[in-house]
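Undergrad: In case you want the letters, here they are:
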Amino acid sequence: MNLLLEIKSLYLTIGDKKILHGLDLKVCSQEIHALIGTNGTGKTALARTIMGCEGYTPKRGDIFFRGQLINELAIHERARLGITMAWQEPARFEGLSVRDYLRLSSHKTNAASYLEWVGLSPTDYLNRMVDKTLSGGERKRIELASVLALRPLLAILDEPASGIDLLSVDEIVKVIRDFKDQGAAVLLISHREEIARVADRASQLCAGKIVFSGDPDAVAQHYRSRQCNVCDGMVCPDE
Amino acid sequence: MNKISELMHTLDAIGGESALLLNPETAHIVADAHRLLSSQEITGVEVQAEETPEAIIVHIVVTKGARVENPIHLCFGMLEPTGTQRIKLDIIVEDEANATFLAHCLFANAQSAQHLMDAEIKIGADAEMRMIESHYHGPFGGIEVVPKAVVDIGPNSRFFSDFSLTMGRVGRLDIDYRVTVDTHGVAELTSRVFGHVNDYIKIREEVDLIGESARSLVKTRVAIEDQAIAEVTGITNGAAKGARGHLDCMEIVKDEAIGQSIPIVKVTHPLAKVTHEAAIGTVDKEQLETLMAHGLSPEQAVDIIVSGLLR
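In order, the protein sequence lines correspond to chains A and B.
Per our numbering, the first sequence runs over residues 1 to 239.
Per our numbering, the second sequence runs over residues 1 to 311.
Check each hint, because a few of them may be wrong.
As the list claims (entries may be wrong) - A few chain B residues that face chain A, going by a derived Cβ cut-off under 8 Å, partial list only:
#1 T233
#2 Q287
#3 L291
#4 M292
#5 A293
#6 L296
What the hints assert, rightly or not - In silico lysine-lysine, DSS-like type, Cα no more than 30 Å apart, as pairs:
#7 B:K285 x A:K18
#8 B:K254 x B:K202
#9 A:K132 x B:K122
#10 B:K273 x A:K132
#11 B:K285 x A:K59
#12 A:K18 x B:K148
#13 B:K254 x A:K132
#14 B:K148 x B:K219
#15 A:K108 x A:K132
#16 B:K88 x A:K132
#17 A:K26 x B:K202
#18 A:K8 x B:K285
#19 B:K122 x A:K108
#20 B:K285 x A:K26
#21 B:K241 x B:K266
#22 B:K88 x B:K122
#23 B:K88 x A:K17
Since the hints were derived computationally from the structure, they do not count as laboratory data.
Where is the CB? At the ideal position from N, CA and C, for every residue including glycine.
Same shape as in the complex, but just chain B (with noise of 0.2 Å):
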């Protein structure tokens, strides 16, 4: 098997449709550490990848006013277990212009690896980008993610994100992603995370509300068991008028887990207006005594209570 279809076998393995990359509509991106194995642009989608020792450099630009209707695709990965991957991600979504991302991240076989994405992006006026970004770092732990990401945010533009890593080990994951918004923009943030071991994890979300009614939400869905430990810091700006943030931070922890959640609410305009909440503790006593009263086992209970959490 050559490796791009070792590293499709994993994407299928985790619930994803690789035959979606065939289609020719689809724009893609294929890198094994610092290998380009396969790019394709598409109308609206200009993609510009290079292998380098040290990095794989990729540049995208979805085009004025384009809408792009099949997701663009970034499957990333390494199938050695040891070794380096660095990813340095330009994307520049124009005016207008409307795009979707599926981000695959795939270290199925890591015991000593190390991924680092440093990501900048860029969104125009009027435009709207989603970024739905899925890991699976395989059974051992044994590998670093540090994805890093700035993001502008233009006039009226919408970014979501949605970071999700709930399957087989962690690792270490050191998120640090900061985000700007414009007037009338809207950033929403979403991360799950499901922590085993002595998984660490450690998630950095910033947003600036800079622009007259901005608007922001960062989600954060953490579980974590054994000796994993995580620490999510939440920080909103609201620094124009109208502009509203809100933070939302859920952590189940068990056994002899560590969760901390930092809000951190700042506001330097009087009409704008920042909130938060958090919840950090073990299995809610009464969702588990409704899901018991249904005949589940304690068990039972609580990985439904999780898996809904980290959906």
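Next comes chain A alone, as it looks inside the complex (with noise of 0.2 Å):
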């Protein structure tokens, strides 16, 4: 597989807070590649920093895709490149309909079909707002779907499943699995060790840098073996 992201001796600093030290990371094309670790370590900033968000410029370090240094380029031309991403929390839209919303990246793209491999209905969906209106867990698919439809080379997906219930998170493996079949890789960002397991490899950050790299099975074993609950991404046993 060939070398599509690699991170070499990141480190950010938001305020006077470190929030990556130093940080490499390598994913390879169509690889599914989890990054684990507990709330504060630094898996969002990451995800921020990759996709070239505002506040999220490395003090030091390279980010390069597909061997093309990319730390000056704004999110669209990362985009444009292929990188992209499904916040957390993602932004809501008042006046814009999902099918208008799947369709951002070309009106040619089939909406409904990427509204039914989330599992929503289009006869239900297609019409609606990407507002408030959708709850939590139906804004988050309606993300996966558009991250789909904009077939990227790169998908970086930041708890995709939180605020998905548990009977749906079999679904949503089988949607981060399917990312990779349509030839995308998947920087899987979770605190939960089920959803990592779809991985073919796994990282553990503590502390803003990667302490464990490896099967994900292992890197799970080494992850609930962890001393720490709570990082403030400042003290770690493991640094």
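Join the two chains, each given in its own frame, into one complex according to the hints.
TA: Written out as structure tokens, the structure is:
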């Protein structure tokens, strides 16, 4: 498999708080790579840094995508290279229909088929608005559908199962596999080991750096054996 | 092209359907400045229209129990770039009647013009009225538009209004609507305006919930850019048992524009409740980043957010 994303010695500071601390990570094409860690370890910050969000400019370190240094690129430029992200709590849009949201990348997108892919009925949802009338779970599914519709090379999924009922977790796992089948790599961010098990490879994040990488089961075991339950990103026995 | 054709051409150009006016089952009024060009009444809708040098005077009665299938069209405007159009409009929707009004106010060439509307609307009991009012003021910004309306909603009746001015320039807009809602009545007022350059937008909407369990929603959506100014005042008085009112104002402010929202909530009955929410500011960062992560440029993303807000 080809190397798709390579992060070298990444440091991120927000205010006076060190968020990422010399982080290295490699994700190959068509690989599902799970990133697990407790709250506050820097998972979402890493996702936002890869995506190029405002306020998440690394202090040091490099991010390469398909061999191209992307540190200076804006979000939409990274998206046009093939990187996209499903946020943990996706934004809501007044006056924007689900149909139009799924067609943001192309008017030719078959919006109905992507809704079915994430377990939503096109009849019920295509004409609804992507606004606060959707429940948290519905909004998350629509976000996953929209990311699928983009046909990215790298999809960063930030806690895709949060806010979705337990019975639906299997469906979400199936959707994550569908990303891979569609040709995408997935950087799967989760604090839930059962979700991470869908991955080909996994890494555990602690105190802003990768402390363990490998087979998902081995990483999950390492994660379970951690001595801290809450990490503030500053103190970690694995450091 | 005669004046009525010109107005209809403008209406079609901004997405209206002038052909509907030709339907013999559609009641309508068409006026250019103080010239009455056409009017038509149908069964259940009495229309009296008069042109005077000072104003177009219109009386419309939707008779008791009438269920008017086609919207009643009110097409006002002015083809000349200068001048004044004053409309005096009385609408009565009698008990158990139901009608929708489509008002088009077209001033495509306005450079130094005025459009003044004084409306009195009375809705009887168990009735429903919808007023969908769309304006187009052209590209010059040389117009002052002052719509004033006093609306009286009877018991168990519902009134919905939707004012939109989202294409072209605004000029100077000064909306003043005062609505009274009786027992179990409902009022929903929505305004959507997009201001550019030095447009000035003033919206004042006041609802008095005087009847038991009367309800209202005042929803305002404004986007302003360049040096435009918007001042939105929403007022709701809860004055009866079970009355419920809500004010909801959102303004997106770009460039050097200035937005202001003043919610005034007043409750004079211990069992009434009035709430409000307002969000004024630049385009929401999370919305922007989400759309950019879908490959849209910042400019494309802002366009989608603003047009969605005003839809």
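Undergrad: Under 8 Å is the threshold here; is the Cβ of A293 of chain B close enough to any Cβ of chain A for the hint to stand?
TA: holds, 5 Å
Undergrad: Is it true that the CA of K254 of chain B sits at most 30 Å from the CA of K132 of chain A?
TA: holds, 24 Å
Undergrad: Just to be careful, I want the Cα atoms of K26 of chain A and K202 of chain B compared with a cutoff of 30 Å; is the pair within it?
TA: Violated, at about 56 Å.
Undergrad: Between K285 of chain B and K59 of chain A, is the straight-line Cα distance small enough, at 30 Å or below?
TA: holds, 22 Å
Undergrad: Decide if the proposed pair is consistent with the structure: K254 of chain B and K202 of chain B, CA atoms, cutoff 30 Å inclusive.
TA: With a Cα-Cα distance of about 17 Å, the restraint between K254 of chain B and K202 of chain B holds, given a limit of 30 Å.
Undergrad: What's the verdict on K241 of chain B and K266 of chain B, does the C-alpha distance respect the 30 Å limit or exceed it?
TA: Distance of about 14 Å is within 30 Å: holds.
Undergrad: K8 of chain A and K285 of chain B: Cα distance at most 30 Å?
TA: holds, 28 Å
Undergrad: Are K148 of chain B and K219 of chain B close enough, with their CA atoms no more than 30 Å apart?
TA: holds, 17 Å
Undergrad: Given the proposed pairing of K285 of chain B with K18 of chain A, does the C-alpha separation stay at or below 30 Å?
TA: holds, 23 Å
Undergrad: Given the proposed pairing of K88 of chain B with K122 of chain B, does the C-alpha separation stay at or below 30 Å?
TA: holds, 14 Å
Undergrad: Classify the hint on M292 of chain B as holds or violated, based on whether any CB of chain A lies nearer than 8 Å to its CB.
TA: Interface hint status for M292 of chain B: holds (4 Å vs cutoff 8 Å).
Undergrad: Would you mind confirming whether the straight-line C-alpha gap from K88 of chain B to K132 of chain A stays at or under 30 Å?
TA: violated, 40 Å
In summary, the structure is inconsistent with hints 1, 9, 12, 16, 17, 19, 23 from the numbered list given earlier, while agreeing with the others.
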